[in-house]
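The sequence shown begins at 1 in our numbering and counts up one residue at a time.
Worth flagging that the hints you see were computed from the coordinates, not collected in a lab. Positions of the beta carbon are idealized from the N, C-alpha and C atoms, including for glycine. Incorrect hints may have been included.
To be verified - Computed beta-carbon distance windows for the label pairs: (1) 93 <-> 61: 27 to 37 Å; (2) 88 <-> 116: 26 to 36 Å; (3) 88 <-> 134: 51 to 61 Å.
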Amino acid sequence: MSISRIYPLFNSINQKALQPLYLFCPRNNYAKAAGGGVMGGALKKKKLGKAGPTIEKKQLPVETDPERLVNYACGTNIFKTGEDVQLKPDSEYPDWLWKIRIGPPPPLEELDPNSKEYWRRIRKMAIRRNVQLQKLRRF
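Please take these sequences and the hints and turn them into a complete structure.
See the structure below:
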């Protein structure tokens, strides 16, 4: 076929059909992203909402009295009136309270292989190992 026969075919095609679809489709501009980032905040000042201005956080005073720190659990009173809980002698608390492990978790060798804690630790170690291996894998 010669060019003189093909050229009229191209002229007969509607030019709108050749345009990308997004150019003549309606756009939904009602869900725009909020302007933010580095320059977005500087360009437009935000108005106060219906709730009013934001409330600043109160700074609570830190207890520095050593006598009060030794005898009371400071910060336990949640009411406007009243007093913090007074600490009791050690003999009034249960024995298990003093046996709680507060340091690092026990090594894997000390755990019972039939316990949930042991198998959770094994699964956690396997997940960490797999993540590290995935990082080393080349694409």
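The hints, checked one at a time:
no., hint, in the structure
1, 93 <-> 61: 27 to 37 Å, "holds, 29 Å"
2, 88 <-> 116: 26 to 36 Å, "holds, 34 Å"
3, 88 <-> 134: 51 to 61 Å, "holds, 52 Å"
In summary, this structure violates none of the numbered hints.
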